[in-house]
Amino acid sequence: MKKVTIDPITRLEGHGKIEIFLDEAGNVANAYLQVPELRGFEKFCQGRPVEEMPRITTRICGVCPSAHHMASTKATDAVYHVDPPLAAKKLRELFYCAHMVHSHIVHFYALAAPDFIIGPQADPAERNILGVIAKVGKDIGLEVIRNRAYAQDIQALIGGRATHAVCGLPGGMSRGISEDERRDFVEKGRSFVEFGKLGLKLFNDLVLSNKEYLGLITGDVYFMKSYYMGMVDSNNRVNFYDGDIRVIDPEGKEFARFKPAEYLDHILEHTEPWSYLTFPFLKKVGWKGLVEGMDSGVYRVNSLARLNVADGMATPLAQEEYERFYRTLGGKPVHATLAFHWARLIELLYAAERFSELAQDKEVTNPNIRTIPTATPDEGVGVVEAPRGTLFHHYQTDENGIITKLNLIVATVQNNPAMNISVKKAAQGLIKAGKVVSEGLLNMVEMAFRAYDPCLGCATHCLPGQMPLEVTIRDYKGNEIQRLSRGLSGRI
Amino acid sequence: MPRLKLALYWSASCGGCDVAVLDTNEKILDIAEIADIVLWPVAMDFKYHHVEAMADGGIDVCLFNGAVRNSEQERIAKLLRAKSKIMVAFGACACFGGIPGLANLTNRAEIFEQSYIEALTNDNSGRIFPQTRTEVAEGELELPEFWDTVLALGQVVDVEYFLPGCPPPVDLISKVVDALATGQLPPVGSVIASDKPLCDECERKKEDKRITKIYRPHQIIPDTERCFLEQGIICVGPATRGGCGQRCIKANMPCRGCFGPPTGVVDQGAKMLSALASIYDVKDEAEVKRMVEEIVDPVGTFYRFGLSTSLLRRKRM
Numbered sequence: 002m003k004k005v006t007i008d009p010i011t012r013l014e015g016h017g018k019i020e021i022f023l024d025e026a027g028n029v030a031n032a033y034l035q036v037p038e039l040r041g042f043e044k045f046c047q048g049r050p051v052e053e054m055p056r057i058t059t060r061i062c063g064v065c066p067s068a069h070h071m072a073s074t075k076a077t078d079a080v081y082h083v084d085p086p087l088a089a090k091k092l093r094e095l096f097y098c099a100h101m102v103h104s105h106i107v108h109f110y111a112l113a114a115p116d117f118i119i120g121p122q123a124d125p126a127e128r129n130i131l132g133v134i135a136k137v138g139k140d141i142g143l144e145v146i147r148n149r150a151y152a153q154d155i156q157a158l159i160g161g162r163a164t165h166a167v168c169g170l171p172g173g174m175s176r177g178i179s180e181d182e183r184r185d186f187v188e189k190g191r192s193f194v195e196f197g198k199l200g201l202k203l204f205n206d207l208v209l210s211n212k213e214y215l216g217l218i219t220g221d222v223y224f225m226k227s228y229y230m231g232m233v234d235s236n237n238r239v240n241f242y243d244g245d246i247r248v249i250d251p252e253g254k255e256f257a258r259f260k261p262a263e264y265l266d267h268i269l270e271h272t273e274p275w276s277y278l279t280f281p282f283l284k285k286v287g288w289k290g291l292v293e294g295m296d297s298g299v300y301r302v303n304s305l306a307r308l309n310v311a312d313g314m315a316t317p318l319a320q321e322e323y324e325r326f327y328r329t330l331g332g333k334p335v336h337a338t339l340a341f342h343w344a345r346l347i348e349l350l351y352a353a354e355r356f357s358e359l360a361q362d363k364e365v366t367n368p369n370i371r372t373i374p375t376a377t378p379d380e381g382v383g384v385v386e387a388p389r390g391t392l393f394h395h396y397q398t399d400e401n402g403i404i405t406k407l408n409l410i411v412a413t414v415q416n417n418p419a420m421n422i423s424v425k426k427a428a429q430g431l432i433k434a435g436k437v438v439s440e441g442l443l444n445m446v447e448m449a450f451r452a453y454d455p456c457l458g459c460a461t462h463c464l465p466g467q468m469p470l471e472v473t474i475r476d477y478k479g480n481e482i483q484r485l486s487r488g489l490s491g492r493i
Numbered sequence: 011m012p013r014l015k016l017a018l019y020w021s022a023s024c025g026g027c028d029v030a031v032l033d034t035n036e037k038i039l040d041i042a043e044i045a046d047i048v049l050w051p052v053a054m055d056f057k058y059h060h061v062e063a064m065a066d067g068g069i070d071v072c073l074f075n076g077a078v079r080n081s082e083q084e085r086i087a088k089l090l091r092a093k094s095k096i097m098v099a100f101g102a103c104a105c106f107g108g109i110p111g112l113a114n115l116t117n118r119a120e121i122f123e124q125s126y127i128e129a130l131t132n133d134n135s136g137r138i139f140p141q142t143r144t145e146v147a148e149g150e151l152e153l154p155e156f157w158d159t160v161l162a163l164g165q166v167v168d169v170e171y172f173l174p175g176c177p178p179p180v181d182l183i184s185k186v187v188d189a190l191a192t193g194q195l196p197p198v199g200s201v202i203a204s205d206k207p208l209c210d211e212c213e214r215k216k217e218d219k220r221i222t223k224i225y226r227p228h229q230i231i232p233d234t235e236r237c238f239l240e241q242g243i244i245c246v247g248p249a250t251r252g253g254c255g256q257r258c259i260k261a262n263m264p265c266r267g268c269f270g271p272p273t274g275v276v277d278q279g280a281k282m283l284s285a286l287a288s289i290y291d292v293k294d295e296a297e298v299k300r301m302v303e304e305i306v307d308p309v310g311t312f313y314r315f316g317l318s319t320s321l322l323r324r325k326r327m
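Chains A and B, in that order, give the protein sequences.
Here the first sequence is numbered in our numbering, starting from 2 and rising by one per residue.
Here the second sequence is numbered in our numbering, starting from 11 and rising by one per residue.
One chain only, chain B, in its complex shape:
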């Protein structure tokens, strides 16, 4: 089998996905065994014009992390799509917009106002904002155009596979590498994780108990053995795909949904709301009102990682 040509790219992201690749430790050597890396801006010396010079389809696999929120990121996403036979949305931001997607609750003008005018340490009475083109004494300087809306990779180009997680866990990254090494690829459109909700693999005890009050995580010391929801703590497990290894739950903290919705669930937030409604013991309208008030941040809790690809998508402009 010829050596694979592999590209890794980071877009609107934090770098955590790249660190996760490195956390595979010795698996990195397996990757080097089966593949020539042709682009990895954080680690290697290839540039955009090297990619531009390649034939369409000249890259076998592109692992793309990060959301798409400016003109340069869109240009590179389209370039890599054209050159790659297989495009993998790597991590929560590329799959669903991730935490940067929460910026869809606002827009460019508001973000600029906050970042450059309203922040408590800003010294900007002249109201200077970053510009796509600036004349300086010596010539012109350019910046990419910042968008109002954060998009997931699949909203910009076609994607073959999705590897969720913030960041994806090492065992799933290894699974992808093994699939590439053996050529035994799953059907196009597959999500490389469990199909079922996190609750199905959670080891905590469930007693089908109904709750009468919602606690915020700092308001209660949870029992380490029992289901968070049944202790009144919002855990997004029922609306989240499994396969993460329950990393947060084992640290005695509830799930926040970084694996996105499980197979068959269209909208992660709607699913979570319905799960909560079914466990909350309400008898009348006043109790419904109380429950709604106790959920202090529905959009930031139920759509923390998935606002970009949800039915809501963004705040109305």
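Just chain A, same shape as in the assembly:
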């Protein structure tokens, strides 16, 4: 069989590679998304003191370190059975909303927007963030940079550093904020909300108003029926920092609702020999292979999943957009993989509104932000919604608080089965016998996993951001018969 290799793909947190196998006629027989990386945190964290986990596990991902910092900090609270003061919880959520703003800005504007605002099969030389700025105007480009910088500055102020924050401890936070700092946050919050509204207006004007793009979003190539998982508050609204985990089935019915500490009843991980990444699935449905539908335990996390499992958004402007989203796409649940992007923009507005609410709450300046733990440490689970989906940290310790066992279920890993299915489906829908495998088509295969927000793409926010791409077509004996590559110029 002919093999089409896309290597390296780089907008994943970790290196990735796609192998597409073509049958004799030239149709896609199968496609694999391989992840060739493993660092072994779950092993080398054993023997470390649990209170150091928030400062070690951030290094799992330098693009969403604050998600690991918060999940880890919450897990240490649970290990020590300590309830942090209200001000500490609010300060953590404030910090975390700023992180969501940073991450969602970068993903939409640098990674996703080029495919829509410039066009999925447009000249790849223009299909990047610079092309986006040229099209939407430099003023908007500067707003992107300014608001992301604000979000980084806020994290650095509360957490010590924008990347790899150090503020979280079992029982609270290491440093409080002053009244002057709070007032500055209120100003920045206003800017975030305006910027969040702008993103949805741009999406409306440039994507949804374009029939071709709307057709792509709602069409078959990027459609996938699956279960969804996400965190909700007590009113079943989206929450990033705290709540219960809710799962819905492909028809939209509630399949499970559980406390973070009960996750072992609901999730298992399958292993394949061709990837270092595991394949999580719903325990009560079971692993049926890389297939979609009601009988397959494959589920999805991240923005679209969060909106699908929730009954609404907790802030007014985001709620309006939530209603418009489902009105436009034909009701719940939405299975259109490209709708992850739209959902992400609605969440950006929610994060901005929620940040503003918390910044206006004077409680965040209350200096009482630490409770010293007194109970004997044993075991705890901490969960947040990372930008890329539900993130579980589970620690077991000895009576001295030293880690004996650690289990991490990371957002992107949970989408690993779904990304494989989406890539295969897009490849099968786009690459056909007798049709030239063009760069544009391959970009559209890439769009299938780009919707899931591959982590390192965050870094592309101010430089030409395209997938370095190399495609080798071989005959069944492995002899190279055709080689396509795309350089910086974007030319093949």
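One thing to keep in mind: the hints can contain errors.
One-sided excerpt, in silico: chain B residues whose CB lies under 10 Å from chain A [said to hold, decoys possible]:
hint: 1; residue: R143
hint: 2; residue: A147
hint: 3; residue: D307
hint: 4; residue: V309
A few chain A residues that don't get close to chain B, going by computed Cβ distances all over 10 Å [stated by the list, open to error]:
hint: 5; residue: D84
hint: 6; residue: G120
hint: 7; residue: S179
hint: 8; residue: D206
hint: 9; residue: E213
hint: 10; residue: K226
hint: 11; residue: D234
hint: 12; residue: E255
hint: 13; residue: K260
hint: 14; residue: G313
hint: 15; residue: R325
hint: 16; residue: K363
hint: 17; residue: E364
hint: 18; residue: T377
Simulated from the structure, these hints should not be mistaken for lab results.
Beta carbons are placed, not taken as given, at the ideal position from N, Cα and C, and that holds for glycine.
With the hints as your guide, set chain B onto chain A.
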């Protein structure tokens, strides 16, 4: 002056170093002014075969972040070394192995067992492990070989400069860019940071007080003005190079050593142990024993970022 050819690469790392480059904000434009970026897999469209096609020495500067822990990373490190006139170990992982280097306390077999068998959510009674080659129905799939030992960049290839930090702070990244822009490069082997320990620039009050008990960070609310060590909290400042801007200390958390040892210190952990011993008030053997017991994780605290390049290097296999 001709435009520089610049490569940025990430290896066994988290992506935080790449974000740090972007956090220079407007400085990025300065970089674009002086340099053509010829490789930056996270942001740009060049591939390995473009680099392979270049003449040896065809790249002026390579900023390499991440440790080296598998066969593909070694191949790319050697390729970039051959093509680059100047190789910069960018960030703690490339300089000293970083936090991924803590995996040297274990080995491949143990990591695989934990990741694919023992983790609480594993469903793997067939004991399936990732393989370098796998036959699937349609053909063969390959993965790089995962090593037992995590290495720093300098343990794989020669390195001209070291920029420490996890991630390096923006002002030091700017310093490197300015040095490249003006061509005023420091002597080969330089570390782009202070030569002195962090304590020398720390603004906290020191009273030469001796301690009788070690507290873990969650056990005490520290005074924001006083030296952490003198409050009984382990702070790796005495054994760590300065230049970080005291980011953690200003957030009222002690140093964990991401800048590596200062100039003249061979082993960061040994230096820290000696600093602790000199401040801990011990009169007899029982008190020494108590002190040792109070240091709950010496290797993970004193060698958090530097195990790969320390005298210990790794657990005996």
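Taking the hints in turn, this is what the structure says about them:
1. The interface hint given for B/R143 is met, as the beta carbon of that residue sits about 9 Å from the closest beta carbon of chain A, less than 10 Å.
2. Because the closest C-beta pair between B/A147 and chain A is about 7 Å apart, less than 10 Å, the hint holds.
3. About 5 Å separates the beta-carbon of B/D307 from the nearest beta-carbon of chain A, less than 10 Å, and the hint is met.
4. Look at B/V309: its Cβ gets to within about 8 Å of chain A, closer than 10 Å, so that hint holds up.
5. Every CB of chain B lies more than 10 Å from the CB of A/D84, the least distance being 14 Å, so the non-interface label holds.
6. Every C-beta of chain B lies more than 10 Å from that of A/G120, the closest at about 17 Å, which supports listing it as non-interface.
7. Its beta-carbon lying about 12 Å from the closest one in chain B, A/S179 satisfies the requirement of being farther than 10 Å from that chain.
8. Remark: the non-interface label on A/D206 is consistent with the geometry, its nearest Cβ contact in chain B lying 27 Å away (cut-off 10 Å).
9. Annotated as non-interface, A/E213 keeps its C-beta farther than 10 Å from every C-beta of chain B; the closest such distance is 25 Å.
10. Against the 10 Å criterion, A/K226 stays outside the reach of chain B, whose nearest CB is about 23 Å from its own CB.
11. At the 10 Å boundary, the C-beta of A/D234 stays outside the reach of chain B, the nearest C-beta of that chain being 25 Å off.
12. Annotated as non-interface, A/E255 keeps its C-beta farther than 10 Å from every C-beta of chain B; the closest such distance is 22 Å.
13. At roughly 16 Å, the least C-beta separation between A/K260 and chain B is larger than 10 Å, which holds for a residue marked as non-interface.
14. Every CB of chain B lies more than 10 Å from the CB of A/G313, the least distance being 30 Å, so the non-interface label holds.
15. Residue placement check: A/R325 keeps its beta carbon more than 10 Å from all beta carbons of chain B (closest about 32 Å).
16. Every beta carbon of chain B lies more than 10 Å from that of A/K363, the smallest distance being close to 21 Å; the non-interface claim holds.
17. Under the 10 Å C-beta cut-off, the non-interface status given to A/E364 relative to chain B holds; the minimum distance is some 19 Å.
18. The claim that A/T377 is not at the interface with chain B holds, since no C-beta of that chain comes within 10 Å of its own (minimum 13 Å).
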